[in-house]
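2 protein chains.
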Amino acid sequence: LARYKAILAYDGTGFYGFQRQAKKVLHSQRTVQRVIEEALQCLGWQGRSILAAGRTDTGVHASGQVIAFDLEWAHPPERLQAALNASLPADVAVQAVQEVALDFHPRFDAKARRYCYRLFCQPVRDPLRERYAWRVWPGLDLQRMQEAATYLPGSHDFAAFGSSPRAGSSTVRNVLRAGWQEEGDGLCFEILANAFLFRMVRRLVGFQVTIGRGELTPEALADRLEDGRAALVKNTAPPQGLNLVEVMY
Amino acid sequence: LARYKAILAYDGTGFYGFQRQAKKVLHSQRTVQRVIEEALQCLGWQGRSILAAGRTDTGVHASGQVIAFDLEWAHPPERLQAALNASLPADVAVQAVQEVALDFHPRFDAKARRYCYRLFCQPVRDPLRERYAWRVWPGLDLQRMQEAATYLPGSHDFAAFGSSPRAGSSTVRNVLRAGWQEEGDGLCFEILANAFLFRMVRRLVGFQVTIGRGELTPEALADRLEDGRAALVKNTAPPQGLNLVEVMY
Chain A
1 LARYKAILAY DGTGFYGFQR QAKKVLHSQR TVQRVIEEAL QCLGWQGRSI LAAGRTDTGV
61 HASGQVIAFD LEWAHPPERL QAALNASLPA DVAVQAVQEV ALDFHPRFDA KARRYCYRLF
121 CQPVRDPLRE RYAWRVWPGL DLQRMQEAAT YLPGSHDFAA FGSSPRAGSS TVRNVLRAGW
181 QEEGDGLCFE ILANAFLFRM VRRLVGFQVT IGRGELTPEA LADRLEDGRA ALVKNTAPPQ
241 GLNLVEVMY
Chain B
1001 LARYKAILAY DGTGFYGFQR QAKKVLHSQR TVQRVIEEAL QCLGWQGRSI LAAGRTDTGV
1061 HASGQVIAFD LEWAHPPERL QAALNASLPA DVAVQAVQEV ALDFHPRFDA KARRYCYRLF
1121 CQPVRDPLRE RYAWRVWPGL DLQRMQEAAT YLPGSHDFAA FGSSPRAGSS TVRNVLRAGW
1181 QEEGDGLCFE ILANAFLFRM VRRLVGFQVT IGRGELTPEA LADRLEDGRA ALVKNTAPPQ
1241 GLNLVEVMY
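Here the protein sequences line up with chains A and B, keeping their order. Counting in my numbering, the final residue of the first sequence is number 249, and the numbers go up one at a time with none missing. Counting in my numbering, the final residue of the second sequence is number 1249, and the numbers go up one at a time with none missing.
In case anyone wonders, no lab produced these hints; they're calculated from the structure. Hints are all accurate, no fakes.
Covered stretches of chain B (chain A as the covering partner; in silico rule of three or more C-beta atoms under 8 Å from a C-beta of chain A): (1) 1008–1015; (2) 1115–1127.
Pairwise CB distance ranges, derived in the manner of DEER restraints: (3) B:R1030 to A:G179: 33 to 43 Å; (4) A:K234 to B:E1078: 22 to 32 Å; (5) B:D1223 to A:P138: 53 to 63 Å; (6) A:E219 to B:E1078: 36 to 46 Å; (7) B:S1087 to A:P138: 15 to 25 Å; (8) A:A222 to B:S1087: 41 to 51 Å; (9) A:F198 to B:P1138: 37 to 47 Å.
Here a beta-carbon is modelled for each residue, glycine too, at the ideal position from N, C-alpha and C.
This is chain A alone, in the form it adopts within the complex (with noise of 0.2 Å):
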C-alpha cells in the first residue's frame, strides 16, 4: 500500500460541490470526490474516504486541486493516472499523479492556495463565456478594484468575508498576494494565502464589485478587516467565475 498525491482539474457545473454528501437525503448527489472515489474502486481501492486540500462548492472549478488516497498499485504512476483519466467523466480529470510518504496530507501540509475570480462587463448574456465566469452589468471602475485589493495582503481577521470550517476557530488567514488583472475584455482576481474561509474569495469579490460600482470606497474594504466582529458581507458572487488554481506545498 502506498499513498499517491493527484492533481484533479474539474468543470464544477455539474456537480453538488467537491465533498461527498454525509446525509442520507443527499446521498444520490454527485460530487467530485464521489465520482473519484468510484473510479478508484474500480481500481480495488477500498479506503473510506479519500483525502483532498479543499472543498469547493457547488459550481466552483478547479484546475489543481489535490487530493491524496492509498492504494495497492503494481505499475508506475502514469499508468494509474491513465487508469483514472479512462474511467473518470468527461468533466473531471487527473492532470498528475505522484507517490508520496505515507503521511501526506494535502489538507494539512499545504502552504498556500492560489484562487482566480473571472468576470466581465457586458449588458447582454453571453452562452459562450457565462460557464466560466461572472457577467457583471453596469461597468466597474477597475482602479478602484485595484486599489481596494491593495488592502488583502497580509494577516487579517477576514471574519466579515467568511465563517471558519470549525465553529469557534480562528477566522485570521494570512493573504500573500491578491490583486485584480485585465485578461481579454475581462477582469480576473487572483489571490494566493495560506487557508481560506467558507465562501472567503466569492464574498471578498463581490465586496469588491461593490466598490467598482462605486457604491462602497476602497476604503471599505481595510474598514471590514480592522472590524474581527464586523457581521458578513452580502453580495457573494456567482461560483462559476472561480477555480481552485494551485495548492502549494
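The hints should help you fit chain B onto chain A, whose structure is shown.
Positioned in the frame of chain A, the structure of chain B alone reads:
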C-alpha cells in the same frame, strides 16, 4: 408586421444542431431553431419557420449566427431583444436585434461567413477547455499547417471537403482569408469564405491536423483542391472546436 434581423450566440453542446428537425421521430430533439421559435411564440409570433444564415451541426457553437423573422412588435428593437433573452435558456442569447427590409434573407443576402476552429495540444484531458476546443496529441507542427492554409484563399472546388447543401449543385467556394494563429497555448484556425459546404471547416481542420502531424505534406491540400472529383477526406475534426463567429452582409 416588420422583419427583424437578430444576431445569436449559443453554446452548441446541448443542441442537436441549429435546424428544427422535420422528421417526426426527431421532433422531440432540442435544436436552436426550436428554442428560438418557442421564445418568439411567447411574443405572439405565428410564422412557420425563422430564417437563418447557416445550419450549424450538433455540438457546433456560434457567437454570430444571424436569423430573421417577421413579427408585429409595437416597441423598440432593444425591448424585443430583452424580451427574447428573458425567455431563452442560458445557452442561447440574442446579441443584437434590428429592423430590416421585408425582403432581407439571412442566408441568400450573406456576402461572407467567418468561422474559427480552436484546438490545443496536450496529453491529458482538460475538463475546463474541451467544451470549446479540440484536444490533440501528440503536438503539431504549426508551420506546416500555416503553409497548408496558404493554399486556401481563392476560388476552388472543395468537393473533397464537403457536399453541397443541395444535391448536384456546385462545390466551388471562394475563400477570402484562411490561416492558423497561436492563441494562448492553443491554436485557432480562422476562415472567411462566401459560403461553406457541409462540414467543410471541420474537414479542412482535420486534414490540416494530419499535415501538422507530418503524415501528409502541405502540398497535399493543394492537390485536393485541384481535383474536383476527389473522394471526401476522412479525419473530420470534432464539432466542439468550431464557432460561427460572424456573417457579413
